Structures are given as structure tokens and as C-alpha cells.
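S.K.: So you can see what is in the structure, the chains are spelled out below.
Number of protein chains: 2
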Amino acid sequence: MRAWSIEKPGGRQVLQQIEVEKPVPKQGELLVEVKAAGINRTDTLTRQNTALTEPYPILGVEVSGVVVENQSTDSKLHAGTRVCGLVNHGGYGEYVTMPDERAIVLPDELTFEEGAAIPEVFLTAYQTMYWLGELKEKEKILIHAAGSGVGTAAIQMASQLSQATIFATAGHPEKLEKAKELGAHVLVNYKEESFAERISGVTEGIGVDVILDFVGGSYWKMNLESCAVDARWILIGTLGGSEVDKVSLGDVMKKRIVLKGTLLTPRSDDYKAQLSQEFAEVVMPFFKEKKLKPVIHVVIPFEELPEAHRMMEDNENTGKIIMKVSD
Amino acid sequence: MRAWSIEKPGGRQVLQQIEVEKPVPKQGELLVEVKAAGINRTDTLTRQNTALTEPYPILGVEVSGVVVENQSTDSKLHAGTRVCGLVNHGGYGEYVTMPDERAIVLPDELTFEEGAAIPEVFLTAYQTMYWLGELKEKEKILIHAAGSGVGTAAIQMASQLSQATIFATAGHPEKLEKAKELGAHVLVNYKEESFAERISGVTEGIGVDVILDFVGGSYWKMNLESCAVDARWILIGTLGGSEVDKVSLGDVMKKRIVLKGTLLTPRSDDYKAQLSQEFAEVVMPFFKEKKLKPVIHVVIPFEELPEAHRMMEDNENTGKIIMKVSD
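Line by line, the protein sequences give chains A and B. Final position of the first sequence in this note's numbering is 327; the numbers increase by one with none missing. Final position of the second sequence in this note's numbering is 654; the numbers increase by one with none missing.
Isolated chain A (complex conformation):
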């Protein structure tokens, strides 16, 4: 089969197409014929990871495709089933193995390209907002980096699953326009105004129940001001730096704030399996009914992977970059 690996760790020029044997599924695994793969920042980082040694892996952590062999006890994942899900490397190949518990059945209403655009960003947003943020029906949520992959997924779910009141921040009018279209109610261009003041005004000083914080350091004080009593503040990125000068713990106590740091990638296989299963059950019906939509920036052919990495590294995309692997 064809696949994309690397000659050695490095820039985009190290990406190389290889011809290898199909992988063989172990007990509990599926063999999936890959139709489409999502391109993720973690792939570009793996490509450059000088700690890797030969044999270098097939890149890619997110695919959609068709089950061709089922070595698990879950008979509903029979050969021919359309699935998507996270894999531990191997996504940029024509076939990949996937633990059965990671497989999310893909409704007929979605194309394979759309399926490959779901797992990474929607699972991350779901985990952050529900497992960690414990977002409840009609609560108020502040979503930073509203134009990002996880941001656009979070806005849609907060709107469709929870009828939340959504405050979204971004630095470009077109990203805020997109956020509004996806369900955000209050839009703040952080280059033009203080989100803390806006939230205080709109909520009459009460604040928000959940914050999805990709920014960290530079937003610390305004995030703290924006928290309601019993707020859950989930820290999933430090785009604004990871150091904070002067933290007031008195406010953290008085408001009974819960601050949770998280990263999805290093979590255990078991955690990802449970997350995938719950997501399949709770969220996938919304995709079937077209209430949720994967946001796709572009679909590129298999041969043009290096160009896909360039787009990712130049931050050109406002949704997922998808590689078509086979028809």
C-alpha cells in the first residue's frame, strides 16, 4: 500500500511516499481502508521530532474509511462499516489499524471527507466542554480563539447540545462572522475591546459559567474577572504565554472557581476510547441531522501532502485541512 512517512526528521522536504505492507490488526482492532485523513498540527511536529528513530512512522492521527477486517468482539463493526476515529500514527496510509473502541460509526449523511474532519477537534471540544467544563443546559460559556478548529466545534456543540449563551472572542471580523453563523451570541474582537467589560455588561456583573481558554497568560486577569461563582475555567492552550504575574487566590476562593489544565493527546488509550464511545452516542446523531457540521477549509489529493503541511504551518486554514486518500 501507499503511505506518507519521512526520510528523517525535518522540514516539509523530508516527507516521502513509501510502499509498505498493509498493517495486520491485532485482537480488538479493526483494519480500516482509509478514504480520507485529517491533517493536524501534531503531524507537523512529529515530522520535525528529532527524538524519533528509524523505522520512522507513517504520519497521521485521524481518519475516516471502511472496515475491511474486524478482529474485535464488537459485531456491529463488521466489514463494510463506514467509520471515523483517532489512530496512533498511520493515518496517512491506504490502510490503518484502529482499536475497536476508537471507531465512531459514520452516518450515510456524511462524506468521508467530512468524517475525517470530526474526531480531533470535536472530541477535544467535547471533552473540554463537557467532561471537564461540565457545561449544563442554558449556561453561559466564553470561547476564546473562536475561529480555531476546536473553537468552531465548541461553538456548534454549546449551541446545539446545550442551548448555551455563547461569548466568542477572535481577532478578525470574518472569524467572528463565522462564529455567529455557528451559533455564538456575543462577539468580541479582542483587538478592539475588553471581553471582560463586555461580559460584565451583558451579564450584569454575574459572569460566565465556563471558559474555554486557549490563551492563558495574557488573558488571566480578564478571565478571572469574567468568571461567575462556581465557574469552570478550562486551560487548554497558552497562545498568550504561560507565565502570569500576580495571581489573586482570594478571588479564586470567593468565586469557588475550578481551574483545570488539560491536554488530550497524552491521555491514555482507555480515556480516548471512553470519550469516543460517549461522543458516538451523544453527538453523532446531531451530525446525522445536519445540526452539527464539520468545518472544512480544503480537501487536497494524496500526492499533495507537502502542500497541506505548508498550509498548516502558515496558519492559512480556518477549518480542517483534509487529504483524500482513496476513492
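Check each hint, because a few of them may be wrong.
[As the list claims (entries may be wrong)] For each label pair, taking beta carbons as the anchor points, the in silico distance ranges come out as: (1) G338(B) / E192(A): 51 to 57 Å; (2) N642(B) / H172(A): 54 to 60 Å; (3) L590(B) / D245(A): 49 to 55 Å; (4) Q490(B) / T42(A): 50 to 56 Å; (5) Q490(B) / W131(A): 26 to 32 Å.
[What the hints assert, rightly or not] Below, computed lysine to any residue pairings styled on SDA-like, alpha-carbon distance capped at 20 Å: (6) K255(A) / L566(B); (7) K618(B) / P633(B); (8) K8(A) / S72(A); (9) K136(A) / Y598(B); (10) K582(B) / L264(A); (11) K582(B) / L239(A).
Keep in mind the hints are simulated off the structure, nothing from the lab. Note that the structure is a prediction, hence the values are computed from the model and not measured. Using N, Cα and C, we set each Cβ at its ideal position, and we do this for glycine too.
Go by the hints and put chain B onto chain A.
M.R.: Quick look at chain B alone, frame taken from chain A:
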């Protein structure tokens, strides 16, 4: 009936004994003949609270006694039942009303003085360690201020309910000795050594799963260092200041730390009721079997309340100060 109130907000000299009508229980409430009352810091703060207006309340938030009238639908709380629990003021009187859901039935094995020493500190420690800290069987917990009321309660429960490995810090050898006697395994005199280094050594760099933090600011860096991956760090006091310079959010994310600020007193009636009910069911059997013991510093007669407030304000006590109200 006799009770202690105040002439006006102020120092200990404003405490005054008054003669008033017995309170009348509303629907859902019990009338309790008070046998003993716990003295709490919140009482001394209420005494000084210049925001209070007349009529000034009867002080006291924690009692034990006997039910004399039951206006609730819970027939097991019939007249004659021995109970203890939290009340909204009124604890320093011969009779007090208590919502039925706050009542914790007192086993015959415990005296009324012991019963009055349970609610505030054990409920706070239970809520902090289990509801917020989610302490699980055989995990590792770091308990600061090991000699405090909440500290001594937490050590006993972590040991008896969870077989936890307990790291305790205090500044006096006799407090550490008491902590050891109550079940702590690793004792650190913070005046003599770094608890972070000690924990790193004992746990081989892994750290602890839960921190009960009464200290805040001055311990921030060492607490962060002491956290294991997925640690729950519960902030319930800022004895060491509430300002932190330089916080590293990268570590909070990488270790997936959950930081929760909390205060029990401002929580809702419903929250306290649920907490009391779960506590009665899960924890009280351990008191009956003498596996848990209230730590009492002194029992003083009703007439000597001002002296009890003096002890509290001079931080003389190493356990609860209890006022005997009637025989």
C-alpha cells in the same frame, strides 16, 4: 429560654446573655433542645460585624441536642432523637430550630460535647476531600495545617475511609505528633524542611493526588511541584497570603491539574443539606465504631462564653472549643 447575643457589634465585652421566647419550628424544621454548641471563628466575626442591624441574632452555627418537636415529614427524627448539625445562627441558645435535612443522628456512643464538635470541621473536611478533591482509595494526599480543626478531621477520614498515604505539614512538633497519632504517614515541619523536596523523595518524583491547601500564596510553587499528573488541588484558605507572583500555567496544563477554590459557609442550604445527609450515611458509622474521634480542646460552661471567644481569638486551641448549654 437563655441565649447569648450581642448588645451591638464589637469586642468580647458586647456579648450578652438574654432571655427570649423559644423559637417556633416551621414546616420541615425540628425544634432541638441544645445540649452543647461548638464555638467557631465565624461566631467571633459575626460578633464584630458592623453591617448587622437590630434585632441582633443569637450567635452559634453548630449544635448537638435532643429533638423536642418535629415539623418535618421525616419520622425517624421523632421527639427524643439525639442529633447534631449546622444551624443558621441560634446555636448559643437553649433551643434552636434546624432544617430536618441538616440533622445528623448522634449515635449513643458519643457524648453531646463530642457531637457538637463534629459538624463544622468534619463536614468541611469531607466536602473538601471527597466532593471537591475526589480522593480515592489508597491515593496520596498532602494536608497542610495538620493541627487545625479541619486538618485533624481530614487526616482521620483520609486514613479510615480511604487508606490514603498522608503527608502532613505543621510548624510545631506536638502538632505533627498528633497528626501521626491520627493516621498521617509522612510528617514535615515546614520550619525545618521543604515539603516539596520531601514529597519528591518519598514518591520518587511522582507527587501527590490531592492537596488540601489552607495556605495559598507562600506555598504556591511547592504545591505545584508536589502535584502528580491529574492532581486535585483544593484551595480552602490563604493563611500564607492570597497573592502569587509568577504562576507557570504550562505546568498546570502538562500535569492536568485541577485547582478548586472553595468556602463552605456561603454555600446554599440545599448544598449543606445534601452534604449532611451523605455524611450521616457514609461517615457517622465510623464514629459509632470509634474509628473517628472528635478532637476537643476544652468544654466550658454556658456562663463562660466570653472566655471561649478569647481562647478562639488568641488561637489557644488545638481542637474544638465546646460550650455546654444544658444537662
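S.K.: Against this structure, judge whether each hint is valid.
M.R.: A quick look at each hint next to the structure:
Distance hint check for G338(B) and E192(A): the Cβ-Cβ separation is about 53 Å, which falls inside the suggested range of 51 to 57 Å. Here the CB-CB span from N642(B) to H172(A) is close to 57 Å, well matched to the stated 54 to 60 Å. Taking 49 to 55 Å as the suggested C-beta distance range, the pair L590(B) and D245(A) does not conform, at roughly 26 Å. Against the hinted window of 50 to 56 Å, the Cβ-Cβ separation of Q490(B) and T42(A) comes to about 39 Å, which falls outside the hint.
Distance hint for Q490(B) and W131(A): a CB-CB separation of about 27 Å, consistent with the stated range 26 to 32 Å. With a C-alpha separation of about 18 Å, the suggested pair K255(A) and L566(B) falls inside the 20 Å cut-off, and the hint holds. A C-alpha spacing of about 33 Å is found between K618(B) and P633(B), which places the hinted pair above 20 Å, so the restraint is violated. Distance check on the hinted pair: K8(A) and S72(A) sit about 34 Å apart at the alpha-carbon level, beyond 20 Å; violated.
Proposed proximity of K136(A) and Y598(B) is supported: the alpha carbons are some 18 Å apart, at most 20 Å. This hinted pair checks out: K582(B) and L264(A) have alpha carbons roughly 12 Å apart, not beyond 20 Å. For the suggested pair K582(B) and L239(A), the alpha carbons sit about 18 Å apart, so the restraint of at most 20 Å is met.
In the structure shown, a violation is registered for the earlier hints numbered 3, 4, 7, 8, in ascending order.
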